[in-house]
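In the order they appear, the protein sequences are chains A and S. When we follow the numbering used here, the leftmost residue of the first sequence carries the number 11, and every step to the right adds one. When we follow the numbering used here, the leftmost residue of the second sequence carries the number 161, and every step to the right adds one.
These are computed hints drawn from the structure, not numbers from a lab. A hint or two may mislead.
Said to hold, decoys possible - Here are the computed lysine to any residue pairs in the SDA-like style, where the Cα-Cα straight-line distance is at most 20 Å: (1) S:K220 <-> A:A62; (2) S:K220 <-> A:A175; (3) S:K220 <-> A:K103; (4) S:K220 <-> S:T257; (5) S:K220 <-> A:M68; (6) S:K220 <-> S:D429; (7) S:K220 <-> S:L450; (8) A:K103 <-> A:A175; (9) S:K220 <-> S:S364; (10) S:K220 <-> S:E452; (11) S:K220 <-> S:E363; (12) S:K351 <-> S:D315; (13) S:K220 <-> S:P434; (14) S:K351 <-> S:E411; (15) S:K351 <-> S:D395; (16) S:K220 <-> A:S63; (17) S:K351 <-> S:S364; (18) S:K351 <-> S:T408; (19) S:K220 <-> A:A66; (20) A:K103 <-> A:G174; (21) S:K220 <-> A:G174.
Unchecked claim - Negatives, chain S to chain A, calculated, CB over 12 Å: (22) L207; (23) V227; (24) Y231; (25) H247; (26) P248; (27) T257; (28) D310; (29) E355; (30) M359; (31) V362; (32) E411; (33) A454.
The beta carbon of each residue, even a glycine, is placed where N, CA and C say it ideally should be.
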Amino acid sequence: MSTEHRRSRWTVRTPELLVPATLGALLLAYFAVPFVAFLSRTGAANVLGGLASSEAQMAIRNSLLTAPVSTTIATIFGVPLAYVLARQSFPGKRLVEALVILPLIVPPVVGGAMLLTAVGRFTPIGSAAAAAGVPLTDSLIGVVLAQTFVAAPFVVITARAGFGAVDDRLEQASRSLGYGPIATFWHVSLPLARGAIVAGIVLTFARAIGEFGATMMVAYNPRTMPTRIWVDFISGGIDAIVPLALALLAITLVVLAAVQRFGRVPTVIDR
Amino acid sequence: MSTTGDHTDSRVRRRALLGTVGSVAGFTVAGCLGSTPSVSVLSAGSLAHTFEDHVGPAFKDETGIDVHGEYYGTNAVMRMIEDRTKHPDVVASADATLLRDRLYDEFTDWDLEFAANSVGIGYNDDTEFGRRLEDGESWYELALDADEGDLAIGDPDLDPLGYRAIQAFELAESEHDLDGFREEMLALVYKEPEEPQIMAGVESGSRAGAIVYRNMAVDHDMPFLEFPAAYNFADPELADHYAMASYTTDEEGYTAEGRPVTYNATVVDDADDPGAGHQLVAFLVDNPDLLEDAGLTVGESFPRPSGNVPEEVER
Chain A
11 MSTEHRRSRW TVRTPELLVP ATLGALLLAY FAVPFVAFLS RTGAANVLGG LASSEAQMAI
71 RNSLLTAPVS TTIATIFGVP LAYVLARQSF PGKRLVEALV ILPLIVPPVV GGAMLLTAVG
131 RFTPIGSAAA AAGVPLTDSL IGVVLAQTFV AAPFVVITAR AGFGAVDDRL EQASRSLGYG
191 PIATFWHVSL PLARGAIVAG IVLTFARAIG EFGATMMVAY NPRTMPTRIW VDFISGGIDA
251 IVPLALALLA ITLVVLAAVQ RFGRVPTVID R
Chain S
161 MSTTGDHTDS RVRRRALLGT VGSVAGFTVA GCLGSTPSVS VLSAGSLAHT FEDHVGPAFK
221 DETGIDVHGE YYGTNAVMRM IEDRTKHPDV VASADATLLR DRLYDEFTDW DLEFAANSVG
281 IGYNDDTEFG RRLEDGESWY ELALDADEGD LAIGDPDLDP LGYRAIQAFE LAESEHDLDG
341 FREEMLALVY KEPEEPQIMA GVESGSRAGA IVYRNMAVDH DMPFLEFPAA YNFADPELAD
401 HYAMASYTTD EEGYTAEGRP VTYNATVVDD ADDPGAGHQL VAFLVDNPDL LEDAGLTVGE
461 SFPRPSGNVP EEVER
């Protein structure tokens with residue numbers, strides 16, 4: 011692309027993007043101001059010191075163990091569900107769709123309470139699991155249950171939009187060439203919807219690793235980064251939560267960047 | 161983009177993903193099985209710092225048992241036990257009588273009061289309110305002078321800290337001959353449901369001060385003006401005087417009379433590990449220094465047993 015061409019595109023496009031860019035900048039400022047104010051409360055030394063404690067490291071470990079598992083479970087079960095919802099009409103579909111967004115609507119604490127009534131210690135499922143040595147509450151499994159409940163809708167909803175945007179004539183072409191439905195899904199639909207699916211996985215991971223409300227109800231211990239942040243906040247105030255909050259942010263950003271890179275999701279929409 | 165290239169690529173990624181999932185799953189199982197012995201504590205939020213930073217580490221050093229704390233408002237703690245939402249070994253309450261009223265008979269038949277706390281104003285010394293308070297002006301005149309929402313109290317319907325603030329206003333009204341002080345203050349203060357948010361509001365300067373316990377101020381290095389004994393609820397000897405003030409909660413219609421702020425703990429009947437629970441309660445009683453360090457007050461009159469205290473605890 012020549013410099014001249016680029017300059018002309020720039021001048022032509024500037025006024026057209028001025029309004030959306032201004033509006034967007036206001037929102038960005040709204041995100042950035044509290045963030046900067048929060049960060050300005052502490053120095054780098056405090057952050058490293060705060061992260062050196064064994065409690066903080068245990069919390070990081072627990073979060074790094076649970077959030078990927080929750081995201082994987084949500085993806086393995088959520089992407090096929092998204093495909094069915096995008097491709098098939100059936101009686102009760104509205105009900106299924108409502109069920110998918112239910113965890114997004116209820117406050118996480120309520121979601122956690124619902125999980126407790128289903129798998130809590132005194133329920134048939136919960137007591138059977140505990141008797142088998144696999145406690146579903148106050149365990150890493152409990153954390154995964156809570157995270158999956160709250161975060162899975164993101165991958166379902168986003169992947170569904172991705173599959174919906176795939177021209178189904180391409181799938182028909184694949185079928186007419188003799189490929190079965192699974193081969194078609196695997197080689198045609200899935201690659202074409204990849205961008206949306208990866209975006210959904212990223213959202214699900216971010217939501218899972220930051221999950222607090224439902225996790226607190228189902229498994230306050232062992233502590234993940236958000237629960238540890240809460241306890242630090244209760245016992246030490248705002249300054250005490252800066253190190254783990256920053257670590258949580260850094261981990262999520264790294265994962266996000268890695269997934270975008272390996273999932274080859276472009277930062278600018280391809281034309 | 162060639163088809164073959166794409167396939168190799170996705171296969172590699174798939175294998176990497178499976179590898180990650182496999183190792184993560186392995187870790188998870190190992191993490192669940194390799195747990196150290198632990199005792200779970202459901203406690204008033206005002207004891208979070210005490211358990212997390214003082215009692216927990218010391219108890220672990222002495223016994224090798226991890227203390228797993230969960231912290232909520234005391235009323236929420238009682239509700240969670242009653243509803244069987246939570247099933248801890250030890251329950252610790254910021255209101256000794258509340259624990260007896262709500263948990264005796266069905267969940268336990270004993271408790272030990274192990275420390276007291278005093279009520280006062282935690283403030284931000286960068287605010288005008290804070291500066292004038294440090295200059296020696298009386299808190300109640302400054303409080304009446306404050307703008308609506310400058311001062312915070314706990315939610316009196318959810319948290320003893322909240323209704324104690326109102327009871328303190330009531331006792332201060334008679335102590336200092338301030339007609340209508342309680343009602344005026346009720347109209348002025350902001351009711352903050354969560355104790356941590358109360359502290360955060362004052363620390364960040366969005367509020368000038370809040371009625372808090374001394375140990376909360378100690379935890380946060382927050383300047384603190386302790387109320388006089390007549391309404392700081394820290395002197396068990398003044399129990400009758402404190403009882404002259406009362407507050408009835410909206411939702412449950414529970415009437416709380418003013419009483420000394422004493423912390424008590426019990427081990428619930430169906431605890432998973434009653435032995436470890438008894439050990440932890442005994443440890444609280446045996447280590448007053450730890451509690452003092454955390455901002456609590458452990459006077460001569462502690463510990464104060466109530467009900468059928470098990471032998472392992474009483475010793």
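To see whether the hints hold, each was checked on the structure:
Straight-line distance between C-alpha atoms of S:K220 and A:A62 comes to about 19 Å, which keeps the hinted pair within the 20 Å bound. Restraint check: the Cα-Cα separation between S:K220 and A:A175 comes to about 57 Å, which exceeds 20 Å; the hinted pair is violated. Distance restraint check for S:K220 and A:K103: the Cα-Cα separation of roughly 54 Å exceeds the 20 Å cut-off, and the hinted pair is therefore not satisfied. Between S:K220 and S:T257 the alpha-carbon distance is near 29 Å, which puts this suggested pair outside the 20 Å criterion.
The straight-line distance between the Cα atoms of S:K220 and A:M68 is roughly 16 Å, inside the 20 Å bound, and the hint therefore holds. As the CA atoms of S:K220 and S:D429 are separated by approximately 23 Å, the hinted pair breaks the 20 Å bound. With a C-alpha separation of about 14 Å, the suggested pair S:K220 and S:L450 falls inside the 20 Å cut-off, and the hint holds. Restraint check: the Cα-Cα separation between A:K103 and A:A175 comes to about 19 Å, which is no more than 20 Å; the hinted pair holds.
Only pairs whose Cα atoms come within 20 Å are accepted, and S:K220 paired with S:S364 is rejected, the gap being roughly 34 Å. Simply put, S:K220 and S:E452 have alpha-carbon atoms about 19 Å apart, close enough for the 20 Å limit, and the pair holds. For the proposed pair S:K220 and S:E363, the alpha carbon gap of about 32 Å is over 20 Å, so the pair is violated. Among the hinted pairs, S:K351 with S:D315 is consistent with the structure: their alpha-carbon atoms are about 5 Å apart, no more than 20 Å.
Between the alpha carbons of S:K220 and S:P434 the distance comes to roughly 17 Å, so the proposed pair stays at or under 20 Å and holds. Only pairs whose Cα atoms come within 20 Å are accepted, and S:K351 paired with S:E411 is accepted, the gap being roughly 15 Å. A C-alpha spacing of about 26 Å is found between S:K351 and S:D395, which places the hinted pair above 20 Å, so the restraint is violated. At most 20 Å may separate the alpha-carbon atoms for a hinted pair to count; S:K220 and A:S63 meet this at roughly 15 Å.
Under the criterion of a C-alpha separation no larger than 20 Å, the hint pairing S:K351 with S:S364 is consistent with the structure, at around 17 Å. At roughly 15 Å between alpha-carbon atoms, S:K351 and S:T408 fall within 20 Å of each other, so this suggested pair holds. Restraint check: the Cα-Cα separation between S:K220 and A:A66 comes to about 17 Å, which is no more than 20 Å; the hinted pair holds. Taken as a hint, the A:K103 and A:G174 pair is honoured in the structure, with Cα atoms around 15 Å apart against an allowance of 20 Å.
With a CA separation close to 55 Å, the supplied pair S:K220 and A:G174 exceeds the 20 Å bound. A Cβ of chain A approaches the Cβ of S:L207 within 12 Å, the least distance being about 9 Å, so the stated non-interface status is violated. The beta carbon of S:V227 is not kept farther than 12 Å from every beta carbon of chain A, the shortest such distance being approximately 10 Å. With a least CB separation of 5 Å from chain A, S:Y231 falls inside the 12 Å interface cut-off, contrary to its annotation.
In this structure S:H247 is not separated from chain A by more than 12 Å, as the shortest Cβ-Cβ distance comes to only about 6 Å. Remark: the non-interface label on S:P248 conflicts with the geometry, its nearest Cβ contact in chain A lying 10 Å away (cut-off 12 Å). Look at S:T257: its CB is around 24 Å from the nearest CB on chain A, clear of 12 Å, so calling it non-interface holds up. Every CB of chain A lies more than 12 Å from the CB of S:D310, the least distance being 19 Å, so the non-interface label holds.
Against the 12 Å criterion, S:E355 falls within the reach of chain A, whose nearest CB is about 7 Å from its own CB. Not every Cβ of chain A is farther than 12 Å from the Cβ of S:M359; the closest lies at roughly 5 Å, contradicting the non-interface assignment. Not every C-beta of chain A lies more than 12 Å from that of S:V362, the closest at about 9 Å, which undercuts listing it as non-interface. The Cβ of S:E411 lies farther than 12 Å from every Cβ of chain A, with a closest approach of about 18 Å, so its non-interface assignment holds.
Separation of S:A454 from chain A is inadequate, the least Cβ-Cβ distance of about 10 Å not exceeding the 12 Å criterion.
Violation of the numbered hints given earlier is confined to hints 2, 3, 4, 6, 9, 11, 15, 21, 22, 23, 24, 25, 26, 29, 30, 31 and 33; the remaining hints are satisfied by the structure.
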